Amino acid sequence: MASGPSGSANAFQPELIPGGSAAAARAGTATGISPVWGFIVRRLLLGILVLVLVSIVVFVATQALGDPARAILGRSATPASLAALREQLHLNQPVVAQYFTWAGGLLHGDAGNSLAAQEPVTKLIGDRIVNSAVLVLCAGLISIPLSVAIGSYAALRRDKTFDVATSLSTLVFAALPEFVVGVSLVVIFATTVFHLLPAVSLIPPGGRPWDNPVGLVLPTLTLVLAVTPYVARIMRASMIEVLESDYVEMARLKGLPERVVITRHALPNALGPTFQVIALNLAYLAGGIIVVEYVFNYAGIGGALRDAVSNHDLPVIQALAMLIAGLYVVLNLLADIATIMVTPKLRTRL
Amino acid sequence: MDDKATLELMHLRGQITRRQLLVGMGMLAAGLSMASVLAACGPSSATTSSSTPKRGGTFRLGVTGGGAKDMMDGQNITTKPDQARLVTAFETLLVYDEDYKLTTDGLAESVTQDAPDQWTIRVKQGIEFHDGKTLGADDVIYSLTRMLTDPKLFGNAGLGSVDVNGITKMDDRTVRLKLKGPDSTIGDQLGQYYNGIVPVGYKRYPGTQNGTGPYKLDSFTPGQQSGHSRNPNYWRSGQPYFDKVTIIDFTDPAAQVNALLGGQVDAITDIPFGQVSVVKAHSDLTVLESPGGGWLPLCMAIDLPPFTDVRVRQAFRLIADRQAIVTQVLSGHGRVANDLYSPFDACFASDLPQRHQDLAQAKSLLAAAGQANLTMDLHTTDGAAGMVDIANVFAQQAKGAGVTLNVKNDPNYYGDQYLKLAFSVDFWGTRNYLPQVANGSIPTAPYNECHWPPANSNYLSLYKQAKAEVNPTKRCQILHDMQKLEYDQGGYIIPFFNDLVDAYSSKVSGFKASKGTLNLDSFGHGFRTIWFG
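Taken in sequence, the protein lines are chains A and B. Residue 1 is where the first sequence starts when you use our numbering, and the numbers rise one by one after that. Residue 1001 is where the second sequence starts when you use our numbering, and the numbers rise one by one after that.
Okay, chain A solo, but in the shape it has when bound:
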């Protein structure tokens, strides 16, 4: 791709951006910096602001989980023992002071000590973060190309058998909650119909998920089935819109081979909106993985979060909530940048 996909697309839609290119060129010349960098810096600052706001929301929300001292003591709670434990957990400090102690610790990579396990939160969830990341990565690496391929092909074969079949099946899978998909896969492949795959994914302590790849199959498949339908449908809609555009028609009229029209002109432009959906879905995976980890007894952050909530283990809940929020911010940032990169119209308006 000598000229690059966006370059080609740009060449075919000058009339869509009246004055845009000129304005962008002026801005670029005036400051000496590519406007894309200014955009990225602005988005980064915004992202940090969002994280600060999120940290406040997380902190306030976890306060609403109830009194951890009472939860820890249970029936043996007496006014005296409650007071002593609150003292020990620094629950007597003003809430604002508690927030700054906590947020300050986070900046130093210190998420505090788990109330339940009495050890650093980072140690408790470190391996689990790796395990979950592996699962999300596997699901992402399979579902993104797959959904882009399905969506594009369905758009090309619009209203033909493939399109109708995938539209129907993606609609069905999009409507099914993950646990239904997961449990059904277990019934089909592990326990009742066939005995091909393990029903649960047991990662031995100190082990890594990839040590036993067969254990990753069903959880990954469940996540792929959860994510692919959305992305494929957006990709199809986006692709159909692009295929009907003037510049694709122009490319065809120019006599370019259909393969070139699609790969160089249609696909890059259709990907823009899809990036946003992919980012949202990846971020969703980080949270939605909880259900899948529960069904497959997978030792990831989902299990840790669930355990922490039932233990009223505030430091662990807060750390995981911040992690997932951070992931949302980063993925959205990346998606915005990627969208800008493939959409000259947006890039030039910066």
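Keep in mind that the hints were calculated from the coordinates and are not lab data. Among the hints, erroneous ones may be present.
[What the hints assert, rightly or not] Capping the alpha-carbon separation at 30 Å, the derived lysine-lysine pairs in DSSO-like fashion look like this:
#: 1; chain 1: A; residue 1: K123; chain 2: B; residue 2: K1152
#: 2; chain 1: B; residue 1: K1101; chain 2: A; residue 2: K123
#: 3; chain 1: B; residue 1: K1101; chain 2: B; residue 2: K1054
#: 4; chain 1: B; residue 1: K1101; chain 2: B; residue 2: K1420
#: 5; chain 1: A; residue 1: K123; chain 2: B; residue 2: K1054
[As the list claims (entries may be wrong)] Partner residues are not named here, just some residues of chain A that face chain B (Cβ under 10 Å, in silico):
#: 6; residue: S55
#: 7; residue: R70
#: 8; residue: A116
#: 9; residue: T122
#: 10; residue: D127
#: 11; residue: V187
#: 12; residue: P198
#: 13; residue: L202
#: 14; residue: E244
#: 15; residue: S245
#: 16; residue: E258
#: 17; residue: E293
#: 18; residue: A304
#: 19; residue: D307
Everything numeric in this text was worked out from a predicted model, so none of it was measured. Even for Gly, the Cβ is constructed at its ideal location relative to N, Cα and C.
Given chain A, put chain B in place with the hints provided.
Showing chain B alone in chain A's frame:
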């Protein structure tokens, strides 16, 4: 901390489900009252399986209820997987058999009550810890002292009558205990699975887990799993049979069942009631249902209106349709009870007639007490499996006697109002009668919900006599009188004892249904009386 409180905590923290907590009651074992001399013993009877035990293999157990709080300690547990882990490496001086009889099949050759306030323990010869050190009197003294000086250990409350300064080494294998006062229940305590014998200097994990038990600890990751390997130097000849044991935490009971169905584990604890038929449908799986002794009482405080009138208490006891409660709260996995606790105690008053629902009689008792069409609150909390269900079912039944009960489900129940309420729900595990009375039925008990006994009753003097009585027959007579008093005038409505429902793959032999202490036949007696084959 009290074992009840710990189990409740486990539930509050979500480490065990409602169902598991109920089932968990059964493992907080008590036992038969001790005879003055524990001579009758003998190894636990041979397994019912016809096949000969075979060596080898890795046994994988799936357990729910674990989490970040998992621990390993020879004398303490927090979660259910901790119980399974404890019995791999640690053993007790006395042992309960599957009929809930206390035997000297444990580390002690004899445990004797020499006088009402003095006991002598003599350990067997030649038993070695994992590191090769021989078990002796010093280890017993260290173990008992550890329990008595650390209030977090279960043995701390149970062995409360032992004077920590009155533990004497008589010779290399003999220890004498002086008590603060007469106590015939010391033997019961020494048979509790959590009162394990640890070597001098022992510390909980991450300290070295050096015990006398059949398996050594290889690895342990709280919330995930622990690995154990065969102790080649184990003192019971031939045992254990597995090369390795793996104890795996499950968060979801359904995933646990799936793992068993898919062959990834060989046994699981506490099948969800709804899955029992699923497991039973598989010919290569076996459901092991054992009679447990956990109970959920409805507690009427006898010194608070309207229960100051004994007729109101009697009327309420006649409201309960116990079989319906077993069906609705336990899905049938329990036995009807008779307002008395400690069903495995040798002195359990099983001769007292079973109470049945009698709404007409209840109505007339209430009318006579001037409490017809009574309306009051019934307090409960989601603190143990079934605690809210039992309140709702009972409130429904009470309508038949013209009583309106408003069920109050309060998350702050424990701590704020507990033990101060007229009518409330609580939960208990199984204990023998006297230890249970010490925990819940006398003014000095930590959890006396019913404010028992009445001021004019001779119950307390009977209790003191019973604790000092070393003759088992005479003591049983006293215990019977005490139970009769509670049966006639007490504040507890006890509708049922629950069962333990576990399952295992049929490639495992040696499991037996035993009276409820721990799940799965006390985890196959610490994974040593079960084998593949």
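Each hint, compared with the structure:
Restraint check for K123 (chain A) and K1152 (chain B): satisfied, since their Cα atoms lie roughly 25 Å apart, inside the 30 Å limit. A C-alpha spacing of about 45 Å is found between K1101 (chain B) and K123 (chain A), which places the hinted pair above 30 Å, so the restraint is violated. Straight-line distance between C-alpha atoms of K1101 (chain B) and K1054 (chain B) comes to about 28 Å, which keeps the hinted pair within the 30 Å bound. Between K1101 (chain B) and K1420 (chain B) the CA atoms are separated by roughly 37 Å; this puts the pair beyond 30 Å, and the hint is violated.
For the hint linking K123 (chain A) to K1054 (chain B), the alpha-carbon distance of about 41 Å lies beyond 30 Å, and the restraint is violated. Given the 10 Å rule on beta carbons, the hint for S55 (chain A) is violated: about 23 Å separates it from the nearest Cβ of chain B. Using the Cβ-Cβ criterion of 10 Å, the hint placing R70 (chain A) at the interface with chain B is satisfied: the shortest such distance is roughly 6 Å. With a cut of 10 Å, the hint placing A116 (chain A) at the interface with chain B holds, because the nearest CB-to-CB distance is about 4 Å.
About 13 Å separates the beta-carbon of T122 (chain A) from the nearest beta-carbon of chain B, more than 10 Å, and the hint is not met. Hint status for D127 (chain A) relative to chain B: holds, with the closest Cβ pair at about 9 Å, below 10 Å. A least Cβ separation of about 9 Å between V187 (chain A) and chain B falls short of the 10 Å threshold, and the interface hint therefore holds. The interface hint given for P198 (chain A) holds, since its Cβ lies 6 Å from the closest Cβ of chain B, which is under the 10 Å cut-off.
With a cut of 10 Å, the hint placing L202 (chain A) at the interface with chain B holds, because the nearest CB-to-CB distance is about 6 Å. A hinted interface residue such as E244 (chain A) counts as satisfied when its beta carbon comes closer than 10 Å to some beta carbon of chain B; here the least separation is about 48 Å, so the hint is violated. Annotation: S245 (chain A) was flagged as interfacial toward chain B, and the flag is violated, the nearest CB pair being 49 Å apart, outside 10 Å. Interface hint at E258 (chain A): violated, since its Cβ lies 48 Å from the closest Cβ of chain B, which is beyond the 10 Å cut-off.
Hint on E293 (chain A) holds. Least Cβ distance to chain B is approximately 8 Å, under the 10 Å limit. Proximity of A304 (chain A) to chain B holds as hinted, the smallest CB-CB distance being about 8 Å (cut-off 10 Å). Annotation: D307 (chain A) was flagged as interfacial toward chain B, and the flag holds, the nearest CB pair being 4 Å apart, inside 10 Å.
Violated hints for the displayed structure, listed by number in ascending order: 2, 4, 5, 6, 9, 14, 15 and 16.
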